[in-house]
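Enquirer: Chain by chain, the residues:
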Amino acid sequence: MATSDLTSPARRLGRALYTRPRLRLALLLGLPVLWLVGVYGGSLGSLLLNSFFSIDPFGGTIDRSFTLETWQQVFTDANMAVAVRTITMAATVTIGSLAIGFPLAYYTARYTRGRLKTVLILAILVPLWSSYLVRVYAWKLLLAAEGVIAWGFDQVGLGRILEGVLDLPIVGGPSLSTSFLGQFTVFTYIWLPYMVLPIQAAVQRVPRSLLEASADLGASAATTFRQVTWPLVIPGVAAGSIFTFSLTLGDYIIPTVIGDSSPFIGLAIYSQQGVAGNLPLAAALAFIPVLVMVLYLSGARKLGAFEAL
Amino acid sequence: MRQRLIVGIVFGLLIAACGGGGDAEGGPITEIGEGEGALAIVAWAGYIERGETDPNYDWVTGFEADTGCMVDVKTAGTSDEMVALMTESQEFDLVTASGDASLRLIAGGTVQEVNVDLIPSWSTVDERLQNAPWHTVDGKHYGVPYQWGANVLMYNTEVFGDTPPESWSVVFEETTLPDGSSNADRIQAYDGPIYVADAALYLKATRPELGITDPYQLNEEQYQEALQLLRGQRQLVARYWHDAFIQMDDFTNEGVAASSSWPFQVNILQAGGAPIASTVPAEGATGWADTTMMHTNAPHPNCAYKWFEWQLSSNLQGDLAAWFGSVPSVPTACGESDLLGPDGCKTNGIDNFDRISFWKTPTEDCNGTAEAGSCVPYRRWVTDYLAVIGGR
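Here the protein sequences line up with chains Y and V, keeping their order.
Quick note on numbering: the first sequence equals residues 687 to 995 in my numbering.
Quick note on numbering: the second sequence equals residues 56 to 447 in my numbering.
Just so you know, these hints were derived from the structure itself, not from any lab.
These figures come from a predicted structure and were not determined experimentally.
For every residue, glycine included, the Cβ atom is placed at its ideal position computed from N, Cα and C.
The reader is advised that the hints may include incorrect statements.
Said to hold, decoys possible - Which chain V residues face chain Y? A few, computed with CB under 10 Å, are given here:
{"no.": "1", "residue": "112"}
{"no.": "2", "residue": "164"}
{"no.": "3", "residue": "239"}
{"no.": "4", "residue": "280"}
{"no.": "5", "residue": "284"}
{"no.": "6", "residue": "292"}
{"no.": "7", "residue": "296"}
{"no.": "8", "residue": "365"}
{"no.": "9", "residue": "401"}
{"no.": "10", "residue": "402"}
Unchecked claim - Per the computed footprint, the stretches of chain V lying under chain Y, defined by three or more beta-carbons under 8 Å from a beta-carbon of chain Y, are:
{"no.": "11", "segment": "256-264"}
{"no.": "12", "segment": "308-320"}
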């Protein structure tokens, strides 16, 4: 009985794998690595390759010979304005989400327990269960010139203040729903949960004993926060900011529904690829967010954001 | 070694992406045989309805029961998407191509000549459409007209009162509207690059010295003037419209007073009791005319011919016109659909045919009428219009 077990195919396979650790590793990691390199890397590679092609001016077909012409088109005023507009919005939304999300996450993690905690976490998560489009459209109605928010300001006699804010250059506009301010509000609302959750998890993980030790050594609450809590929470903040920043950077729905229709990078890529059939230019434009994210991530790494991941 | 592997994979993917294609020769069929049991159509959203959105609007179930050809619809959002689907795939039989796609499909050999003798109802098609240049090349028909319509000027009757705007100037130039306020921030424009033609159409009437004859065939100077007009318009537009339902919302909640639009939005807003009307101003309007075309390698040619006949039936034409706000390509359909009503065709603009400049793709060679390089191609319209909307 025992001898027959030892020669069974499963046993032999087990032995073979046990004595060959490299083969074991290859079998375990082969598929995921192939996915990462082949599908992720491959598509990025083909994107990069395409950006060095150009559009044949007469036939409108893709000319597959190496040229830098397409990259020159990327650096025009109009495209740079699109990039700056998108990056500014992404940065503003990230800061806004942090300002609102951090206190919320800190409070939920530190000062609530039991039922209240469940309710708060649910309140943060519930919006994610409904369709993204429905929420964006709902905001459009709320922010409209004749919408609830403008009406509410009028009712309490603060209509003047809203008008004053909308008269401001850059952030203002004809109505909330066509202004930078409205766009910022909607972006922040949509991506806020992605900022709150990682921070909340990070705050949760800070051991209470460390805070007590800090207090025992005479540190004030502010010092404890600065010296103990904040450094330990940074990875959570970084993770959250990566979400809000990259999601805003890539979004191309909200700018068509809220705001003054000024194109964002995602929309510019979509138009070049879907409408103009200019695949090379779309590919080159797609590298702007990739480059921005590489810079962003390397900056976050310098701050030690990934050490605790 | 590893690098070589990566390079190999990248090229493998590229080759896979570039593959496909291949044409077949041969004239149209001369006889309709047994149906193949299936039919695959690329269509605009809302064009091939089987009663799933509203049970009253169903023109597919009857066809399936009649012919046994089960219809599979793939909706496309833009003309360019339609062209891409048809050229890169061999699985579709038909496409409802607008004029800015149809000639590209014919030139690329993607669609085949249609033998109109096999379509008994062909003679009922509006005579103005039977030989329309967007589907007839060298006397050969490459499709069967489906529906058409105009990009009308929609306006708020509370702002304009009883006198409709007579010119597109209300959306192109800063002016005081009849209610005493400026039109700034109260007008909209379409966010598709084809809208450059709307600007050109306006210039054709107001700036005759530019010598614009066809708004889709612009030389460099005419094109720059059109862009200049659009840049001025940018200052007046609070938001460009892209989605029909968002535009309707902007007219009801955002105080928008006038914009280019489709009869579709006008019909729905009026049905909801909104103070909305539409007109085709003195300069005329741009519009679309869609043609059902058949793939060169259509897998179900017999079912496709059965559909050609079916799509010309009065019921379908009338119901579709009521649903989409378009005009039937079969004029006799006008009085026969309850859904469309007796005045439906008039409401949707059947009398405006001669005043419409139908969509076509701007090409380098002015749609084959001049040498290459004479006209600004569509690709540049896209880039430049995007820049205009971005405020550049």
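Enquirer: Given residue 164 (chain V) as an interface hint, is the shortest Cβ-Cβ distance to chain Y below 10 Å?
Expert: At 14 Å from the nearest chain Y Cβ, residue 164 (chain V) fails the 10 Å test, so the hint is violated.
Enquirer: Would you check whether residue 402 (chain V) satisfies its interface hint, that is, whether its CB is within less than 10 Å of any CB in chain Y?
Expert: Violated, about 28 Å.
Enquirer: Are there three or more residues in the segment 256-264 of chain V whose C-beta lies closer than 8 Å to some C-beta of chain Y?
Expert: violated (count 0)
Enquirer: Would you settle whether the hint for residue 239 (chain V) is holds or violated, based on the nearest Cβ-Cβ distance to chain Y being less than 10 Å?
Expert: Status holds, d = 8 Å.
Enquirer: Has the segment 308-320 of chain V got at least three residues whose CB is nearer than 8 Å to a CB belonging to chain Y?
Expert: Held - the segment 308-320 of chain V has 3 residues with a Cβ nearer than 8 Å to chain Y, which meets the minimum of three.
Enquirer: Next item in the hint list is residue 112 (chain V). Is there a CB on chain Y closer than 10 Å to its CB?
Expert: Violated. Min distance 23 Å.
Enquirer: Holds or violated: the hint that residue 365 (chain V) contacts chain Y, with Cβ atoms closer than 10 Å.
Expert: Since chain Y brings no Cβ nearer than about 31 Å to residue 365 (chain V), farther than 10 Å, the hint is violated.
Enquirer: Is the interface hint satisfied for residue 401 (chain V)? The criterion is a beta-carbon contact with chain Y at less than 10 Å.
Expert: Because about 32 Å separates residue 401 (chain V) from the closest Cβ in chain Y, which is outside the 10 Å limit, the hint is violated.
Enquirer: Does residue 284 (chain V) pass the interface check with chain Y, least Cβ-Cβ distance below 10 Å?
Expert: violated, 17 Å
Enquirer: Under the criterion of a CB-CB separation shorter than 10 Å, is residue 296 (chain V) in contact with chain Y as hinted?
Expert: holds, 9 Å
Enquirer: Would you settle whether the hint for residue 292 (chain V) is holds or violated, based on the nearest Cβ-Cβ distance to chain Y being less than 10 Å?
Expert: holds, 7 Å
Enquirer: Given a cut of 10 Å on the nearest C-beta pair, is the interface hint for residue 280 (chain V) held or broken against chain Y?
Expert: Constraint on residue 280 (chain V) not satisfied, violated at 19 Å.
Checked against the numbered hints above, the structure breaks hints 1, 2, 4, 5, 8, 9, 10 and 11 and satisfies the rest.
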